[in-house]
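2 protein chains.
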Amino acid sequence: MNGAESLVRTLVASGVEVCFANPGTSEMHFVAALDRVEGMRCVLGLFEGVVTGAADGWARMMDRPACTLLHLGPGLGNALANLHNATKAMTPVVNIVGDHATYHRQYDAPLTSDVEAVARPFSHWVHTSPDAKLVAAAGARAVAAAMTPPGAVATLILPADTAWNESDGPAPAPEIPPRARVSAEAVRGAAKALRSGEPALLLLGGMGMRERAGALAGRIAAGTGAKIMAQGSISRLERGAGRVPIGRVPYPVDLALPALAGVKHLILVGSKVPVAFFAYPGKPSVLTPPGCQVHVLGTAAEDLDHALEWLADEVGALHAAPVTPYLRTEPGTGPITPEGLGRSLAALLPEDAIVVDEGLTTGRGFFPATVASKPHTWLANTGGSIGIGLPLSLGAAIACPDRKVLTLQADGSAMYTLQSLWTMAREGLDVTVVLLSNRAYAILHNELMNVGANPGRKALDMLDIGRPDLDWVSLAKGMGVPGARVTEMAGFNRHLAAGLNTPGPYLIEVML
Amino acid sequence: MNGAESLVRTLVASGVEVCFANPGTSEMHFVAALDRVEGMRCVLGLFEGVVTGAADGWARMMDRPACTLLHLGPGLGNALANLHNATKAMTPVVNIVGDHATYHRQYDAPLTSDVEAVARPFSHWVHTSPDAKLVAAAGARAVAAAMTPPGAVATLILPADTAWNESDGPAPAPEIPPRARVSAEAVRGAAKALRSGEPALLLLGGMGMRERAGALAGRIAAGTGAKIMAQGSISRLERGAGRVPIGRVPYPVDLALPALAGVKHLILVGSKVPVAFFAYPGKPSVLTPPGCQVHVLGTAAEDLDHALEWLADEVGALHAAPVTPYLRTEPGTGPITPEGLGRSLAALLPEDAIVVDEGLTTGRGFFPATVASKPHTWLANTGGSIGIGLPLSLGAAIACPDRKVLTLQADGSAMYTLQSLWTMAREGLDVTVVLLSNRAYAILHNELMNVGANPGRKALDMLDIGRPDLDWVSLAKGMGVPGARVTEMAGFNRHLAAGLNTPGPYLIEVML
Chain A
0 MNGAESLVRT
10 LVASGVEVCF
20 ANPGTSEMHF
30 VAALDRVEGM
40 RCVLGLFEGV
50 VTGAADGWAR
60 MMDRPACTLL
70 HLGPGLGNAL
80 ANLHNATKAM
90 TPVVNIVGDH
100 ATYHRQYDAP
110 LTSDVEAVAR
120 PFSHWVHTSP
130 DAKLVAAAGA
140 RAVAAAMTPP
150 GAVATLILPA
160 DTAWNESDGP
170 APAPEIPPRA
180 RVSAEAVRGA
190 AKALRSGEPA
200 LLLLGGMGMR
210 ERAGALAGRI
220 AAGTGAKIMA
230 QGSISRLERG
240 AGRVPIGRVP
250 YPVDLALPAL
260 AGVKHLILVG
270 SKVPVAFFAY
280 PGKPSVLTPP
290 GCQVHVLGTA
300 AEDLDHALEW
310 LADEVGALHA
320 APVTPYLRTE
330 PGTGPITPEG
340 LGRSLAALLP
350 EDAIVVDEGL
360 TTGRGFFPAT
370 VASKPHTWLA
380 NTGGSIGIGL
390 PLSLGAAIAC
400 PDRKVLTLQA
410 DGSAMYTLQS
420 LWTMAREGLD
430 VTVVLLSNRA
440 YAILHNELMN
450 VGANPGRKAL
460 DMLDIGRPDL
470 DWVSLAKGMG
480 VPGARVTEMA
490 GFNRHLAAGL
500 NTPGPYLIEV
510 ML
Chain R
0 MNGAESLVRT
10 LVASGVEVCF
20 ANPGTSEMHF
30 VAALDRVEGM
40 RCVLGLFEGV
50 VTGAADGWAR
60 MMDRPACTLL
70 HLGPGLGNAL
80 ANLHNATKAM
90 TPVVNIVGDH
100 ATYHRQYDAP
110 LTSDVEAVAR
120 PFSHWVHTSP
130 DAKLVAAAGA
140 RAVAAAMTPP
150 GAVATLILPA
160 DTAWNESDGP
170 APAPEIPPRA
180 RVSAEAVRGA
190 AKALRSGEPA
200 LLLLGGMGMR
210 ERAGALAGRI
220 AAGTGAKIMA
230 QGSISRLERG
240 AGRVPIGRVP
250 YPVDLALPAL
260 AGVKHLILVG
270 SKVPVAFFAY
280 PGKPSVLTPP
290 GCQVHVLGTA
300 AEDLDHALEW
310 LADEVGALHA
320 APVTPYLRTE
330 PGTGPITPEG
340 LGRSLAALLP
350 EDAIVVDEGL
360 TTGRGFFPAT
370 VASKPHTWLA
380 NTGGSIGIGL
390 PLSLGAAIAC
400 PDRKVLTLQA
410 DGSAMYTLQS
420 LWTMAREGLD
430 VTVVLLSNRA
440 YAILHNELMN
450 VGANPGRKAL
460 DMLDIGRPDL
470 DWVSLAKGMG
480 VPGARVTEMA
490 GFNRHLAAGL
500 NTPGPYLIEV
510 ML
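From first to last, the protein sequence lines stand for chains A and R. Using numbering that gives the first Met the number 0, you'd call the opening residue of the first sequence number 0 and step up by one each time. Using numbering that gives the first Met the number 0, you'd call the opening residue of the second sequence number 0 and step up by one each time.
Bound-form chain A, shown alone (with noise of 0.2 Å):
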């Protein structure tokens, strides 16, 4: 057994079941492993965002990592935005990365560089394996880098006679640190601060956002007359009827002061201090009040689950919250418009849809008017690099084939990674993805304004992504998507029920 196939074998045996891959030459053992070892899927991607993107959407359904499969330095480079999205997710990612083999670098064939150097500012953990014998234990020791909490990438490079030379065979399955458990201390300080009578707020992050942890902080919050809010990066966010209802903090610095003036004791479950996207002249970078206290009850990485319920025993948090009846909404009629759009999404989100927003400008209404919908997941872009949206619907659509995929995707960020569709219709999957036509970086002439810039016609051609007009209709098309163009409501509410009740990928290009 060579290298590679016990590298497999080891994956396999540590959970590790999808292999996200646009592999070369260096990594053609490692792929013709791949057919030798029972249980690992493999999905192609023609673009290497597009694979660490879908890693990404995976994991975050799965809860543990699947792997990517690159080529050398320039196929990681292509990988790093996503990746980049990932860290900031604390998504688990396997990320192999094949290289020249080790007797081979030191000629500096064209291929070559550093691919260490090239990984760490996106890799929580590093590693090259030196040769075939070890680089069983080094993929165990990935998983482990990625599974510990709260979730990290791991990136393993692979030079190509590792992959082709005699392993001694697989390794186990790497033993994973379960969470640890948080303080009385950090316990207590939250209580004392819930108990305080001055306003207070629950900042959920990470695993603070899934379903029961939600429950937990709406009892305390029921409790203590706290508030409770998502921080404004979701990796995953449970919610829709049935359940505590979340908002979150908003982007734009004058909105996000105005919803977290007042609060006195801010409490961190699983998030961080929030502060500005980006900083703008004469604009404070931390969002929080002066004078606002900053409790920790638990970080990214520790038992938040644990954590709340022995808060809320703490203030005698004894009742379930009131969680968001369904309410049932009529779509949009008419011409086009955000507010349309966002009451059809609520119409006809089917239950336990998996939404992956990256609407941006035009999106940014569609959170608050789902939040009576069908209970659902809301995946969205965690790191600020845009072009996750596509291929997060794609890594969750295998993840869960038996949910349906709705993507609100703005064009400008789906440009970057439109290679996905190709994948979607390759493996049939049941992604319907709302493409929002503004043809402009519509967020950078808000954001001209913020940093104070004056444009003139040639900053303004720089934002207009018009001229000549994307059409997605054709570019779907060309990658074996069927779709359509919709110009008013009654079309759009047509098309997206068509496309939520029909199998495989499907694309409505919205002319907004």
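Please note that the accuracy of each hint is not assured.
Using C-beta positions, here's what the derived DEER-type ranges look like [unchecked claim]:
no., chain 1, residue 1, chain 2, residue 2, range
1, R, Pro171, A, Gly465, 35 to 45 Å
2, R, Ala172, A, Gly465, 30 to 40 Å
3, A, Pro171, R, Val293, 46 to 56 Å
4, A, Val322, R, Arg40, 55 to 65 Å
5, R, Leu326, A, Pro400, 51 to 61 Å
6, R, Leu256, A, Asn500, 56 to 66 Å
7, R, Asp130, A, Gly465, 31 to 41 Å
List time: in silico BS3-like cross-link candidates among lysine-lysine, alpha-carbon distance up to 25 Å [as the list claims (entries may be wrong)]:
no., chain 1, residue 1, chain 2, residue 2
8, R, Lys263, R, Lys191
9, A, Lys263, A, Lys282
10, A, Lys132, R, Lys282
11, A, Lys282, R, Lys132
12, R, Lys282, R, Lys263
13, R, Lys282, R, Lys271
Which residues of chain A face chain R? A partial, calculated answer using Cβ under 10 Å [as the list claims (entries may be wrong)]:
no., residue
14, Leu45
15, Phe46
16, Gly74
17, Thr86
18, His99
19, Ala100
20, His103
21, Gln105
22, Tyr106
23, Ser112
24, Ala159
25, Gly386
26, Trp421
27, Arg425
28, Asn449
29, Ala458
Honestly, the hints are just simulated from the structure, not real lab data. All values reported here derive from a predicted model rather than from experimental measurement. Where a beta carbon is used, it is the ideal one built from N, C-alpha and C, also for glycine.
Since the structure of chain A is provided, determine the placement of chain R on it from the hints.
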């Protein structure tokens, strides 16, 4: 004048006249400054690999840098693959990357990363401007670093507040050191090898592949019986009728070894000792035969025209070498074959065309087929990171608006940077793309065999990019580029002539 404007004015004064940009919030002041400064054209790309590949293409034709404009660490990540190729081509690039305001970085906002660390593996020079008053001087140093022979990628990181704060105005254009002259010892060493009577090869790279160097190398070869060859990685080669014919080191090891067999003296002229692109079990890494002596006439950073002239004098090679006569050929007929395509390209290539070659498996025969075509420039992938063809064409077309650009583009590679088509449409660039659709990572089929891997169905699926078939005419239409699909040579000939004879971009999908 703010820091951004002081930087733009410095760049323009230093000969940087095009900015290839994919900006975000932190770059808005730079974008706004472009409106206030004459002399900088700004070209938008919808993906960062388009931006850096275009900057490479522009500078290969102009021998001075364009600048880029990229958005923080993840935007730079997307740009790295083509920066890798630029690095291997030794192309001068001023790579400008926005970052968070200096005071904002401490808060670890979602888009925060170590931008310097991301840049370093693919940049010869990296600097973060600490202050608006220093950014103009940093820009001049970046130009100097990019332009210092042989040419390099220089990355200047621009925190948002160094762009928006008040500056002291522009800095003077930098002094660029001239190319060093080679030593008498180097020339005498090469001359002695050439006079030895033993088989010698002049291996050309960098500026050694330009017209004058080629003519001088030809004269030396004619006078001494030496052979001439270009290195495998061709950044820019001047060739065709009226020029000395120059072959290149073949990509496959099994063809490169016989091509170099028998060489006793390898004389490097801006090139490196040829090595295998990848390591393969049982095959050598170094391609020169055992016992071959290596002589460095000049490095890529040195004045190679001068070195070759000196060497020609030294060996008494006084007579110009015979040049290739123009050979009229008939276009291919019948079903589409690589040979037929080669004949049609040879027949229809217009004078002074720029050929961009990322044809890979199918395209390998096009280089020999066009040796006696009308004189033209050949640009190719230098670093092995696929996805350079379309962006390189874009940059070359902007650099040379009066020349026709003909792009020979494999389908798998095209998918990495297909967003280039949109910029070609927006800018109305005169590029004819011959999209070679074999619906496979065909090169990997060979490589699977070369590395001795034994593929099964899952493995072969990873090399097959059909299922679903990509429809390139739809993809091009979706980005505003007209195109046609051809299934026999007559159609190819008609559409190639039409594409070349009409201004603006055109895509021909060739079904192989």
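Evaluated hints:
1. R:Pro171 x A:Gly465: 35 to 45 Å: Roughly 40 Å apart at Cβ, these two residues keep to the hinted range, so it holds.
2. R:Ala172 x A:Gly465: 30 to 40 Å: 36 Å, holds
3. A:Pro171 x R:Val293: 46 to 56 Å: 49 Å, holds
4. A:Val322 x R:Arg40: 55 to 65 Å: Because 57 Å falls inside the window, the suggested range holds.
5. R:Leu326 x A:Pro400: 51 to 61 Å: 59 Å, holds
6. R:Leu256 x A:Asn500: 56 to 66 Å: For asparagine 500 (chain A) against leucine 256 (chain R), whose Cβ atoms are near 60 Å apart, the range 56 to 66 Å holds.
7. R:Asp130 x A:Gly465: 31 to 41 Å: Given a distance of about 38 Å, which is inside 31 to 41 Å, the answer is holds.
8. R:Lys263 x R:Lys191: Distance of about 12 Å is within 25 Å: holds.
9. A:Lys263 x A:Lys282: Holds, at about 20 Å.
10. A:Lys132 x R:Lys282: 22 Å, holds
11. A:Lys282 x R:Lys132: 22 Å, holds
12. R:Lys282 x R:Lys263: 20 Å, holds
13. R:Lys282 x R:Lys271: Answer holds: lysine 282 (chain R) to lysine 271 (chain R) is near 19 Å, not above 25 Å.
14. Leu45: Holds - the Cβ of leucine 45 (chain A) comes within 10 Å of chain R, reaching about 4 Å at its closest.
15. Phe46: 6 Å, holds
16. Gly74: With Cβ-Cβ at 7 Å, under 10 Å, it holds.
17. Thr86: 8 Å, holds
18. His99: Result: holds, 6 Å to nearest chain R Cβ.
19. Ala100: Holds. Min distance 4 Å.
20. His103: Since chain R brings a Cβ to about 4 Å from histidine 103 (chain A), closer than 10 Å, the hint holds.
21. Gln105: 8 Å, holds
22. Tyr106: 4 Å, holds
23. Ser112: 5 Å, holds
24. Ala159: Holds. Min distance 6 Å.
25. Gly386: 8 Å, holds
26. Trp421: Status holds, d = 7 Å.
27. Arg425: 6 Å, holds
28. Asn449: 8 Å, holds
29. Ala458: 5 Å, holds
Comparing the model with each earlier hint shows no violations; every hint is respected.
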